[in-house]
Amino acid sequence: MNSRSKPRVAILAGVGYLVAFVFVAPYLEMALTALKPDRELTRSPTTFLPKHWEFGNFVNVWKAAPIWQNMQVSLIVAGVATLIALVVSLPAAYYTARNRFRGRGAFLLLVLVTQMFAPTALVIGIYREMVALNLTDTLLALILVNAAFNLPFCVWILHGYFSSIPKELEEAAYLDGAGKVTALTRVTLPLSLPGLVTAVIYTFIGAWNEYVVALTITSSPDRQPLTVAIPGFVTSYQAHWQFLFATSLIAIVPVVVLFVFIERYLIGGLTAGGVK
Amino acid sequence: MKRHLMGVIAAGLTVTLGMTGCSKGSSSGGGGDSKTIKFVAAIYDDKTKSLWDSLIKTFEAQNKGYKVNLEMVDWTQMDAKVKTYVQTKQTPDILNYNAFADFARDGLLFPTSDVLSSQASSDILPSFIDGDKYKGTPYGMPLLSSVRLFFYNKDVFKKAGISTPPKTWDDVQADAQKIKTKVKGVFPLGLPLGAEESQAEFFMWAMNNGGGYVDQSGNWALDSQANVDTMNYLKGLSKGGLTQPNPETTDRKDAFNEFAQGKIGMLNGAVFMPAGFINKVNPKLPFGIAQLPTKTGGTPSTLGVQDFLVAFKNDGGKKKDAVSKFLNFFYQTNNVANFQKEEGFLPVTKSAGDVIASAVPYDKPFIDALPNAKFYPTGNAAWGPLANTVKEKLGTAITASDPKSVLTQLQQTAQKNG
Amino acid sequence: MQNTIEARGAGATAPAPPSRASALRRLGRALAPLPWIGPAVILIAAVVLWPVIEMARTSLMRISSSGATIGTRGTGNYHDLFDEPDLVSVLLRTVVWVVGVVLVTIVVSLALGQLLNARFPGRRVVRWAVIVPWAASVLMTALTWKWMLNYYYGVVNKILQGVGVIDHPVNWLSNPTQALIWMMWVAVFVSLPFSSFVILAGLQTIPQDVYEAATVDGAGRARTYFRITLPLLRPSLLVAAIINVINVFNSFPIIYAMTGGGPGDKTDTSTTFMYKLAFSGSGDVGESAAMAVVNFALILILVLAYLRVVGWRGETQR
Numbered sequence: 686m687n688s689r690s691k692p693r694v695a696i697l698a699g700v701g702y703l704v705a706f707v708f709v710a711p712y713l714e715m716a717l718t719a720l721k722p723d724r725e726l727t728r729s730p731t732t733f734l735p736k737h738w739e740f741g742n743f744v745n746v747w748k749a750a751p752i753w754q755n756m757q758v759s760l761i762v763a764g765v766a767t768l769i770a771l772v773v774s775l776p777a778a779y780y781t782a783r784n785r786f787r788g789r790g791a792f793l794l795l796v797l798v799t800q801m802f803a804p805t806a807l808v809i810g811i812y813r814e815m816v817a818l819n820l821t822d823t824l825l826a827l828i829l830v831n832a833a834f835n836l837p838f839c840v841w842i843l844h845g846y847f848s849s850i851p852k853e854l855e856e857a858a859y860l861d862g863a864g865k866v867t868a869l870t871r872v873t874l875p876l877s878l879p880g881l882v883t884a885v886i887y888t889f890i891g892a893w894n895e896y897v898v899a900l901t902i903t904s905s906p907d908r909q910p911l912t913v914a915i916p917g918f919v920t921s922y923q924a925h926w927q928f929l930f931a932t933s934l935i936a937i938v939p940v941v942v943l944f945v946f947i948e949r950y951l952i953g954g955l956t957a958g959g960v961k
Numbered sequence: 552m553k554r555h556l557m558g559v560i561a562a563g564l565t566v567t568l569g570m571t572g573c574s575k576g577s578s579s580g581g582g583g584d585s586k587t588i589k590f591v592a593a594i595y596d597d598k599t600k601s602l603w604d605s606l607i608k609t610f611e612a613q614n615k616g617y618k619v620n621l622e623m624v625d626w627t628q629m630d631a632k633v634k635t636y637v638q639t640k641q642t643p644d645i646l647n648y649n650a651f652a653d654f655a656r657d658g659l660l661f662p663t664s665d666v667l668s669s670q671a672s673s674d675i676l677p678s679f680i681d682g683d684k685y686k687g688t689p690y691g692m693p694l695l696s697s698v699r700l701f702f703y704n705k706d707v708f709k710k711a712g713i714s715t716p717p718k719t720w721d722d723v724q725a726d727a728q729k730i731k732t733k734v735k736g737v738f739p740l741g742l743p744l745g746a747e748e749s750q751a752e753f754f755m756w757a758m759n760n761g762g763g764y765v766d767q768s769g770n771w772a773l774d775s776q777a778n779v780d781t782m783n784y785l786k787g788l789s790k791g792g793l794t795q796p797n798p799e800t801t802d803r804k805d806a807f808n809e810f811a812q813g814k815i816g817m818l819n820g821a822v823f824m825p826a827g828f829i830n831k832v833n834p835k836l837p838f839g840i841a842q843l844p845t846k847t848g849g850t851p852s853t854l855g856v857q858d859f860l861v862a863f864k865n866d867g868g869k870k871k872d873a874v875s876k877f878l879n880f881f882y883q884t885n886n887v888a889n890f891q892k893e894e895g896f897l898p899v900t901k902s903a904g905d906v907i908a909s910a911v912p913y914d915k916p917f918i919d920a921l922p923n924a925k926f927y928p929t930g931n932a933a934w935g936p937l938a939n940t941v942k943e944k945l946g947t948a949i950t951a952s953d954p955k956s957v958l959t960q961l962q963q964t965a966q967k968n969g
Numbered sequence: 024m025q026n027t028i029e030a031r032g033a034g035a036t037a038p039a040p041p042s043r044a045s046a047l048r049r050l051g052r053a054l055a056p057l058p059w060i061g062p063a064v065i066l067i068a069a070v071v072l073w074p075v076i077e078m079a080r081t082s083l084m085r086i087s088s089s090g091a092t093i094g095t096r097g098t099g100n101y102h103d104l105f106d107e108p109d110l111v112s113v114l115l116r117t118v119v120w121v122v123g124v125v126l127v128t129i130v131v132s133l134a135l136g137q138l139l140n141a142r143f144p145g146r147r148v149v150r151w152a153v154i155v156p157w158a159a160s161v162l163m164t165a166l167t168w169k170w171m172l173n174y175y176y177g178v179v180n181k182i183l184q185g186v187g188v189i190d191h192p193v194n195w196l197s198n199p200t201q202a203l204i205w206m207m208w209v210a211v212f213v214s215l216p217f218s219s220f221v222i223l224a225g226l227q228t229i230p231q232d233v234y235e236a237a238t239v240d241g242a243g244r245a246r247t248y249f250r251i252t253l254p255l256l257r258p259s260l261l262v263a264a265i266i267n268v269i270n271v272f273n274s275f276p277i278i279y280a281m282t283g284g285g286p287g288d289k290t291d292t293s294t295t296f297m298y299k300l301a302f303s304g305s306g307d308v309g310e311s312a313a314m315a316v317v318n319f320a321l322i323l324i325l326v327l328a329y330l331r332v333v334g335w336r337g338e339t340q341r
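Chains as they are written, first to last, in the numbering used here: chain A, 686 to 961; chain B, 552 to 969; chain C, 24 to 341.
Since the hints were derived computationally from the structure, they do not count as laboratory data. Certain hints may be false.
[What the hints assert, rightly or not] Derived DSS-like pairs: lysine-lysine, alpha-carbon spacing no greater than 27 Å straight-line:
#	chain 1	residue 1	chain 2	residue 2
1	B	Lys600	A	Lys748
2	B	Lys955	B	Lys718
3	C	Lys181	B	Lys790
4	B	Lys831	A	Lys736
5	B	Lys600	B	Lys729
6	B	Lys598	A	Lys748
7	B	Lys814	C	Lys181
8	B	Lys705	B	Lys846
9	B	Lys684	B	Lys735
10	B	Lys735	A	Lys736
11	B	Lys710	B	Lys600
12	B	Lys731	B	Lys835
13	B	Lys615	C	Lys181
14	B	Lys608	B	Lys892
15	B	Lys731	C	Lys181
16	B	Lys709	B	Lys598
17	B	Lys709	B	Lys735
18	B	Lys735	C	Lys181
19	B	Lys600	B	Lys831
20	B	Lys731	B	Lys684
21	B	Lys640	B	Lys684
22	B	Lys710	B	Lys598
23	B	Lys710	B	Lys618
24	A	Lys748	B	Lys892
25	B	Lys600	B	Lys871
26	C	Lys181	A	Lys736
27	C	Lys181	B	Lys733
28	B	Lys790	A	Lys748
29	B	Lys814	A	Lys748
30	A	Lys748	B	Lys618
31	B	Lys640	B	Lys733
32	B	Lys925	B	Lys786
33	B	Lys729	A	Lys736
34	B	Lys731	A	Lys736
35	B	Lys640	B	Lys618
Given the sequences, and given the hints that come with them, work out the whole structure.
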């Protein structure tokens, strides 16, 4: 660690940039394809750069399919599911971290076990449940599924984080006359910000990416999230790869920007879950 | 404070749940009044939706109070969607699909006579009627059809020194060999046996060898000797490098696209090939159209495909009147003819046939081939599930050491389903 | 994590209520946690546990190919499932898929975590780049790779031909073995961000003085890594591995988008196989539910076995 010589830093940086390129390259190709006109897509052998830069693809894609609606669905589902998961997991995680009570062990075991369940494995059951509840083809069904399946992770990570914050800090707040909830909101929550951010991001990304359940229980185009809608650009009778990738980019870029802003918290948050 | 926080959370949840909960609109098949119907249509190309939109607009203007909620589904998602509809009891009132018999078997459909006027149903071309029936009763209404013919690239043939398109399988092999040696950068024969439509490609070769899905008496015969010979022949072509690589994973759209770019010498094409593929990338492609080659040079037959409209008996049939009104509206000569013409498919009714034959000369050879066309056994309830299995598995016969084993397995699937 | 097990102990030794306490007060105390954990329990029970039961029930029913439920069927669906000629190869492939992807992911993440923790100019940008596949939907990433690997129009063939690795285009996704390797790479690719960030987070919790002590003892770089860093990373590795096992086992979009499990079902894992049983192929929802139950049992075994191998108990009962 202390031998930070110049060549070593240069090699590290070189490797680092190479790694960065490998990780970004597929999305670069995505962008280049999204900028090719229809006729250049199926030219073989292919070219790296478009011969004609068709920026119009990013305009026309909005007309080619109701992607604005699909994007709203994705946002509503991911946003509301994250909110629910957080609102439900916060008190549970906090209470179990601070109190010993009968059934605490059972509850944490339930969380641990259900964390191993993924919606993909249960899709048949989920879909038959939604039939029984008459919730097929609703956003509510998607929201509930995404909230519930990400809940265990949220509880787990927040529980770990709350446990790592000394009780004494809250007790100090009590001495100042604060109630239990005030102590939580004023003292513990701000200190747990990285954990909260991690839980939020994990849930949001999970819901944003969810594919199988949405594919199975939604059927109306205006109630399908982007993940279900975009493969529709490539069918037996036509293949609009440029629109598929343009839509993908439109969906990816905001999330990447979001990640860039919270990267610091993320590292802190991921620490708490495993290490104390 | 505690109360306050909980209140805010509760309010937030109520708003969000309410917002999303009520977004379950009226378009679900079960709900709504008896004059509003849900119609699920398949996407054939970019124009399909606007064609239906304008038809529906006219219909709604002519029939005050009636409403058609259109939902477009592309073919790649269709099978899964349809299964979900039935399973979740959200079946649309009218569905545009390629199978119907298992719905009829399970009592989910109106017979055609309940929803289509006798005038309209007597206009349906005789070639299609057999495929519309389940146990003798018509349930499927043909929406459009396509006939497949053999397409070849005239330039490639000229360069390879081939004067006439192949008539027998030996010709195919010999011509392919000529193309392989004389024309660089061109795959001699396009053979799409990938999951997209291998059931069609296989059937076209098998039927011209006396094979097919069922025998004379209508029993499943997937592992017949004729079929085994067919797969062995195709496997041989592929092994000899006379086809594009990996027929078992080549989808039809890729093969058609390569043909359109002049990179495939010949293949079993379809009526919609120019409109869907060639005109887009290479409108000047010099292609010729011929009958499908047969094993020994006998009378060639070809594959006819009809896609259907079916009417689901939802909510005890209370929407029968609305469904019937819309179907009778659609099957008026001009509506149905215009739809098929715009989509580049073939007519299914006599009156529309007359309109199209005179309007679109390109379609003539296809319409002429219709009487000799063979159709899938769509009237058999096991066909739907079998077709899906064939699509996925059949291509593997090309790479299997013994193609017969794949056909035997498919035969077992067919028999299991009835 | 250690809290969960510690908690189990705590539950068992809950202090006995004072004998004078009234039943009402005892009830009050027993119910006190409910407002806090009740909603979580309800949500999990209603949306996670209900489908488990529903799935098991469905696996015993006869469901028509059109989707209509016809009646009960006993173990018929399981018989059909075990009669599937490809079931064994699908299950074996699933094991290869999970073990391969998770192992490679963890090993590469260890290196990546180290790199992202080292100091060099532009490190933040590299960290951002590594996050990108996490932020992008897995389905979209899989579709890009499918496009890049396209036989006719893909850049992978063009690049490999350009640098002379291959002399004519290869139809990567058609050959089951090649397709599986590429899809495993994509699975690794999308799993790396999360895993390497968990490891990076773990690295940052290791106090600097531990290393200083090692330097004083004259330990070499490799020795320091294996004797100090790796053991201290154990909890992070545990998190990364277990989350990966679950995600990779249940991974659906990669295979579904890139090969659809084809040709035939030669690149299916048990997850895509299950989906195809219900929604394509012969369309048997009952048999698919039976496959789901088998899958479910598999993942339980997998995770329990994993916990045993890494000595979860020893790790958590400190």
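Which numbered hints does this structure break?
5, 9, 11, 13, 16, 20, 22, 23, 28, 29, 31, 33 and 34
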